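Asker: Next come the chains, spelled out residue by residue.
There are 2 protein chains.
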Amino acid sequence: MNSPPNLTDPLVLFMPSGKRGRFPKGTPILDAARELGVYVESVCGGRATCGRCQIEVQEGQFAKHKIVSSLDNISVMGGRERRYVDKRGLADGRRLSCSATIEGDLVVDVPQDTVINAQVVRKSPIERTIERNPAVQLCYVEVDEPDMHKPLGDLDRLKAVLERDWGWEDLLVSQHIIPTVQATLRKGNWGVTAAIHQDLDSSRPTIIALWPGLHNEAYGIACDIGSTTIAMHLVSLLSGRIAASSGTSNPQIRFGEDLMSRVSYVMMNPDGRVAMTKAVRGAVNALVEKVCREGGVDQDNVLDAVFVGNPIMHHLFLGIDPTELGQAPFALAVSGAVHSWGSELGLAINFGARVYVLPCIAGHVGADAAGAVLSEQPHHQERMMLMVDVGTNAEIVLGNSQRVVAASSPTGPAFEGAEITSGQRAAPGAIERVRIDKDTLEPRFTIIGSELWSDDEGFEADAARLGVTGVCGSAIIEVVAEMYLAGIMSEDGVIDGALAARNPRIVADGRTWSYVLHQGTQKILITQTDVRAVQLAKAALYAGIRLLMEKLGIDHVDTIRFAGAFGSFIDPKYAMVLGLIPDCELAEVKAVGNAAGTGALMALLNRDYRREIEEVVRRIEKIETALEPRFQAHFIHAMALPNKVDPFPKLAAQVALPPRAQSSPGGEPGQAAPRRRSREERTARRART
Amino acid sequence: MNSPPNLTDPLVLFMPSGKRGRFPKGTPILDAARELGVYVESVCGGRATCGRCQIEVQEGQFAKHKIVSSLDNISVMGGRERRYVDKRGLADGRRLSCSATIEGDLVVDVPQDTVINAQVVRKSPIERTIERNPAVQLCYVEVDEPDMHKPLGDLDRLKAVLERDWGWEDLLVSQHIIPTVQATLRKGNWGVTAAIHQDLDSSRPTIIALWPGLHNEAYGIACDIGSTTIAMHLVSLLSGRIAASSGTSNPQIRFGEDLMSRVSYVMMNPDGRVAMTKAVRGAVNALVEKVCREGGVDQDNVLDAVFVGNPIMHHLFLGIDPTELGQAPFALAVSGAVHSWGSELGLAINFGARVYVLPCIAGHVGADAAGAVLSEQPHHQERMMLMVDVGTNAEIVLGNSQRVVAASSPTGPAFEGAEITSGQRAAPGAIERVRIDKDTLEPRFTIIGSELWSDDEGFEADAARLGVTGVCGSAIIEVVAEMYLAGIMSEDGVIDGALAARNPRIVADGRTWSYVLHQGTQKILITQTDVRAVQLAKAALYAGIRLLMEKLGIDHVDTIRFAGAFGSFIDPKYAMVLGLIPDCELAEVKAVGNAAGTGALMALLNRDYRREIEEVVRRIEKIETALEPRFQAHFIHAMALPNKVDPFPKLAAQVALPPRAQSSPGGEPGQAAPRRRSREERTARRART
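Note that the protein sequences, when read in sequence, are chains R and W.
Note that UniProt numbering has the first sequence beginning at 1, numbered continuously upward.
Note that UniProt numbering has the second sequence beginning at 1, numbered continuously upward.
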C-alpha cells in the first residue's frame with residue numbers, strides 16, 4: 001500500500017473530508033479510509049460484527065472530481081456482512097466498510113451523526129458537526145490461548161494482539177484491570193474488547209477498561225461547572241450522538257451566591273474546601289446519573305470526561321484550595337490542562353475512565369473561557385471577534401487569527417439582579433422585557449411565564465397567576481436603556497425630576513428620583529441608586545473591553561459573541577444603547593449560549609481540539625485590568641450612556657439615540673465623581689479580596 | 001561545549017568509569033561529568049548546598065593515560081563551597097564538583113558508596129558495587145513568583161523551571177500533588193525539591209513528590225517476597241548506601257506451608273485471595289516499618305520500590321487470583337514487568353512512590369528467578385552457568401551469553417524437611433552436618449546453635465541445652481550422601497540390612513531397614529522411605545537440569561550457583577555426591593544467597609537493569625518439563641546416586657565414590673520402578689493441581 005499508486009487503480013473520494021486516493025481493486029473501503037487518515041469507527045477490527053464502520057456510496061457523475069461513482073463499483077455484499085445485516089439490519093444504502101471492497105471509482109460518504117449543541121438553559125439549539133477523534137477507542141481482539149511452551153502472561157498476550165491487530169505499541173495498563181484480566185479473557189472465550197486511551201501522541205496509550213466479547217458502547221461526558229449551574233452533555237464516543245443533556249444548580253450556592261463569598265467560606269472554615277469539593281463532585285455525580293438515565297446509558301460505559309469551569313470551580317472540583325485566587329496576584333495552582341482519572345475525582349463512571357480539564361487562561365479567566373474560545377474560534381477568524389461572558393466577573397476575549405487578548409472585569413452582581421431595589425433572578429413572575437413610550441413615559445412589559453405584554457388583553461389574568469415580582473437581569477438592562485431613550489434620564493444617568501410633572505411614575509426619593517415601573521401588590525421601581533449600580537457594572541465591563549481594544553490598536557470590533565446564560569436573554573440593541581458593548585452591526589451580535597460546554601464537548605469528541613486550545617491559551621495575552629492605568633479613564637467615560645467619548649455610529653443608524661450633551665452638566669456629575677470611584681473600588685474589593 | 005574539543009584544553013579522566021574528555025579551563029567538574037555521561041548526584045542543581053556531588057582528585061602521574069594530575073589543577077575553594085564546608089564539613093580531599101572547576105589535567109574519582117549485599121538469612125555478606133542510575137531523582141529549583149501579567153499557574157511555573165534548570169520536558173504530575181503545590185511553594189519561599197520519576201526513556205517523567213526547600217533524602221526498598229520469608233533492603237537512592245536489611249516470615253504460611261496449598265486456599269475460600277493479599281501486603285508494610293526504624297529513615301522518604309517473588313506470591317501481592325497457576329497450562333495473568341504505585345498497593349511509603357515488579361519467566365519460574373538472573377548475569381558470561389533455586393519447586397536457569405533456558409522441576413518438600421521421618425525446619429537443635437565413619441558406620445554431627453561436633457568434648461552440655469530435635473534440609477542431604485559413601489546403602493538407595501550385624505544402628509523396619517542417627521530423648525532415624533523421598537526430589541531436580549543441558553546440546557556445565565536460603569546451607573560436595581547437580585569443579589559451585597533480592601536491589605538502583613532483565617526474560621527459552629518425553633528417562637537414571645549413566649569425573653577426583661554397580665540388582669529396583677513412577681506422579685500432582 002505504501003508503493004506509489006497505480007494510475008489505473010480505482011479512485012476513491014471520501015466525503016465530507018474530501019480526502020482521495022487510488023487503491024487496488026479488492027481493497028476494503030475501511031482500509032482505504034485509514035490510509036488516507038479519514039476517521040471511520042470500528043470496534044470489531046473488521047470482523048463485520050460491530051456495525052460501527054458504516055458508509056454510503058454516492059452515485060452519479062462528480063465532474064469536479066472526475067469521478068463517476070456507481071454502486072456497481074463496490075463489491076456485492078458477502079457472507080460476513082450478510083450475516084450482520086440478517087442479525088442487526090442496516091439502513092438503506094449503508095454498507096460495512098470493513099467488508100465492502102473497492103471495485104471501481106467511488107465517492108464514499110462517511111455519515112456523521114450531527115452533534116446538536118443542545119442548550120441546557122433555555123436556549124435554542126445550534127447545529128454543529130464535530131469531526132471525531134476521541135481519546136478513547138474500543139478495540140475487539142481475539143487473544144491466543146495460553147501455551148506452556150510460550151509462557152507469556154495473559155495480559156502480555158492481550159497486549160501483543162492489540163499491537164498486531166490495531167498497531168498499539170508499548171501499551172500501559174490501568175492498575176485495576178490487572179487482577180481482572182484472566183477472568184475477562186476466559187469469560188469472553190479469549191475474545192475481549194479493550195478501551196484504549198491515548199490523548200497526547202507523545203503519551204503512552206493505556207488500556208483503561210476491558211470487557212468479555214464484543215463491547216460496542218463507549219460514552220463521554222462534557223461538563224461545564226458554573227458558579228450557579230452545572231451543565232452536562234452525554235455523548236457517544238463511537239458516533240458523536242448526544243444521548244442526553246441536562247443541568248443542575250450548583251449546590252455550592254449554599255456556601256455563598258458569588259464566587260468570592262465561596263473563597264471566603266474556604267478561608268474561614270477549616271473544612272470548607274473539603275466540604276465544597278464534596279458538594280460539587282456530588283452534584284456532578286447526580287448529573288451523571290441523570291443524563292445516563294435519560295440517555296439509557298450504563299454509567300459504567302462512560303469512559304472519558306471533559307470539564308470546564310471558572311478558576312474557583314476548577315480548583316474546588318480538583319480538590320485545590322482556591323484561597324490564592326481571592327487575593328493578588330490571584331495565582332492559579334495550575335493553569336495548564338489537567339489529565340486525571342475519574343476514580344481520582346470520585347466520579348461515578350467507569351473506574352478506568354479518564355478526565356481532561358481544559359487549561360485556565362488566567363486567575364479570573366478560567367477553563368470555561370477557554371472552552372468558549374474553542375467553541376467560537378476567534379483565533380481562526382480574520383475578523384475581529386469580541387467574546388463576553390457576563391457574570392459577577394465578566395470574562396472578555398478579543399482577537400482574531402493574528403492575536404488574541406483576554407481579561408476579566410469586576411462587573412459586580414448588578415446584572416444578576418443583586419443590589420437592585422426590585423432585582424431578582426430569572427423566575428416566573430419576573431419582568432423580562434420593557435418598553436417605555438417616549439411621549440407618555442408609560443411602560444409596558446412582559447413577565448417570565450407569559451407571552452403577553454402588559455398592555456395586551458388577558459395579561460391581568462397571567463399576572464394574577466404568576467405575580468409581578470421584580471425585574472430580572474435582562475429587564476434591568478432594558479428598563480435603564482429605555483429610560484435613557486425616553487429621556488427620563490440624562491446620558492450621565494441622572495433621573496430627571498422635572499418630568500414628575502409629566503408623569504406621576506417619576507417620584508421623589510430623598511434628593512434623587514425614581515421611576516415606578518409597576519404598581520401592583522408590589523411596587524416595582526427603578527431608583528437612582530439602581531441606575532448607578534447598572535452604570536458601574538456596565539462601565540467596568542466596557543472599560544475592560546476598551547482596554548483590550550487599545551492593546552490591539554483597534555477602534556471597532558467586527559463581531560460580538562455573548563456567552564453564558566445571561567447573554568442569551570439580553571437584547572443586543574439594549575446592551576449597546578447602554579454601552580455595555582462597543583458599537584457593532586446589531587446582526588453581528590450573537591448569543592452563543594453555553595459556549596464553554598460546547599468547547600468541552602469538542603475536546604471530548606476530538607483530542608486535536610485539546611492540543612488546539614492548549615496552544616491557543618499559551619498564545620493568549622492576559623491583561624490584568626486592575627494594573628492598567630488607562631482602566632480608570634475608560635471607566636469614567638463608560639459611566640455615560642452609551643459613552644462619553646466613544647462614537648456608536650452603527651447603533652445610531654438603527655436606533656434613535658438622544659442627542660449628546662455638549663459638556664458635563666454641573667452639580668451631579670461633579671459630586672458623583674468621587675462617589676463613583678469609591679463604588680468602583682468597593683466593587684473591585686468585593687470581587688478580589 | 002558541543003564544538004570539537006581544543007587539544008590545548010585540560011584533559012580530565014573520571015574513575016572508576018574511565019570516561020575522559022577535554023574541557024576549557026573554568027568548567028565545573030560536575031558539568032564535565034554530565035557531558036561525559038558520568039553519573040554524579042546533585043540535588044541542589046549546583047548551588048553548593050546539597051553536598052551530593054562530592055568528588056576526589058587523584059594526585060600523581062598516570063602514565064597509561066598520559067595525565068599528571070595535581071591538586072593545583074583544580075580551582076581553589078570559593079565562597080559557595082566554603083560556606084558549605086563551614087556549615088556541613090567535608091571529608092579530607094573531597095570537593096563539591098558543582099563548584100570546583102577544571103584548571104588543568106585531572107584524574108577525578110567519583111566515590112561510590114559500596115553496596116553491601118547484606119544477606120538477610122544467615123549468610124555472609126558479599127561486596128558488590130552497583131553503578132547508580134535510579135528511576136527517581138531529586139531536583140531543587142527556585143520557582144518564579146506569580147505575576148499578574150503572566151498568569152501561569154504555580155504548578156506550570158514549577159514545571160517550566162524544572163525544564164529550564166534540569167532539562168525535564170513534558171512533565172506529568174502525580175494527582176495528589178496538585179492540591180498541595182501552592183502551600184509547598186509558599187512554605188519553601190519559592191524554593192522546592194521535586195522528586196521526578198522516569199523509568200522507561202520513552203515514558204513521560206512524572207513529579208511524584210514535592211517538598212519545601214532543599215530536601216536531601218531519597219530512599220528505595222528492594223523486596224523479595226518468598227513463600228516462607230520476605231526479605232527487604234532499604235537503600236539510599238542518592239548514595240547507594242544500604243541503610244538496613246531485614247527479613248520476616250511470610251504470614252501466608254498460616255494459609256498453607258507450600259505454594260500449592262495456598263492456591264487451594266484461594267480456590268476453596270471466597271475471600272481467600274483478598275485475605276492472602278492483605279496478609280502479604282501487611283507483612284511487607286511491617287518490614288518497611290522495621291527497616292526504616294533500623295535505618296533511621298522516615299517512611300515518607302521512600303520513593304521507589306522494586307519487588308520480586310515467585311509467580312504465586314507475585315500474583316497475590318498484586319491482588320491477582322493465582323488459581324490459573326494451579327492448573328495446566330499454568331497461565332500467568334501478567335508475565336511482563338509491572339509498573340505501579342505504592343498507593344495502589346497500599347504500601348506505607350511516600351504516597352507518590354512508584355513500584356516496579358520484575359518480569360516473570362514462566363508459570364513456575366517467577367520474578368524471583370528473574371532477579372537471580374539479573375544478579376548472577378549468566379547472559380553476560382562465555383562460560384556455561386547453571387543456576388538452581390531449590391524449594392518445593394526448584395527453579396533452574398542454564399545458559400551463557402549465547403542462549404539461556406529455564407525450567408522448573410517439582411522437587412517436592414523433602415529438602416525442606418517435610419515427608420522425612422525426623423525432618424524439621426532449620427532451627428536450634430536441628431542436626432545440620434553429618435559425617436559417617438566408613439569403618440565403624442558410626443555417625444558424628446553438629447546441631448544448629450552449637451559449634452561442636454557430637455564427638456567433641458562439651459557437646460553433651462550444648463545438646464542438653466538445645467535438644468537434638470531432628471534433621472534439617474542440609475543434614476538430610478549429608479546423611480543420605482554419607483550413608484552412600486559409607487556403603488550403608490547401594491547406588492540405588494537401598495539400605496543394606498546385612499550391615500545390621502556390623503552396627504546396631506542399622507535396624508529393621510518391616511521389610512526395609514533404617515539407620516539410627518541419634519538416640520537421645522528423641523530417636524532420630526533415616527528410613528528407607530526417607531531415602532526414597534530424597535531420591536525422588538533430587539532426581540526431579542537433576543532430570544530438569546539434564547533436560548536443559550540437552551536443549552543446549554552440552555554435556556557439562558562450567559559453574560553452578562545455588563540461589564536461595566537452602567543453597568547456602570548445603571555443602572556442594574554432598575549435593576554432587578547425591579547427584580542433585582551435575583559434575584563440576586567443586587570450587588565452581590557457589591551459594592549466592594538471596595540473589596533474587598540482590599537483583600531487585602540492582603533494578604532499584606539502576607533502571608538500566610530493568611531494561612536488561614526485561615530483554616533477557618524475553619530471550620530466555622522456557623522449557624515445560626512435564627511436556628518433555630525425555631524427562632522420565634532422565635528422572636529414572638537420576639534415581640541412582642549420583643546417577644545411573646552420567647559420569648562425575650571431577651567429583652570422583654576429589655571424593656572417593658563407591659564403585660558403580662555393573663547391572664541393576666534384582667528384586668528391589670524392579671519392584672521400585674512402578675512405585676517410583678507413582679510417587680513422581682503424586683509429587684507432580686501435588687505441585688500442579
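Calculated directly from the structure, the hints in this document are not laboratory data.
Take the hints with a grain of salt, since some may be wrong.
To be clear about the criterion: a stretch of chain R counts as covered by chain W if any three or more of its residues have a C-beta under 8 Å from a C-beta of chain W, and this derived list gives those stretches [unchecked claim]: (1) 177-191; (2) 324-331; (3) 576-584; (4) 601-607.
A short, non-exhaustive set of chain W residues, derived as facing chain R with CB atoms under 8 Å [to be verified]: (5) Met15; (6) Pro16; (7) Gly326; (8) Trp453.
Please read all numbers here as calculations on a predicted model, not as lab measurements.
All residues carry an ideal CB built from backbone N, CA and C; glycine is no exception.
Asker: Give a verdict on every hint.
Answerer: These are the hints, each one checked on the structure:
1. 177-191: Coverage by chain W holds for the segment 177-191 of chain R (5 residues, Cβ < 8 Å).
2. 324-331: Held - the segment 324-331 of chain R has 5 residues with a Cβ nearer than 8 Å to chain W, which meets the minimum of three.
3. 576-584: violated (count 0)
4. 601-607: violated (count 0)
5. Met15: 37 Å, violated
6. Pro16: Hint violated; Pro16/W Cβ to chain R Cβ min 34 Å, cut 8 Å.
7. Gly326: Violated, about 12 Å.
8. Trp453: Status violated, d = 47 Å.
In summary, the numbered hints that this structure violates are 3, 4, 5, 6, 7 and 8.
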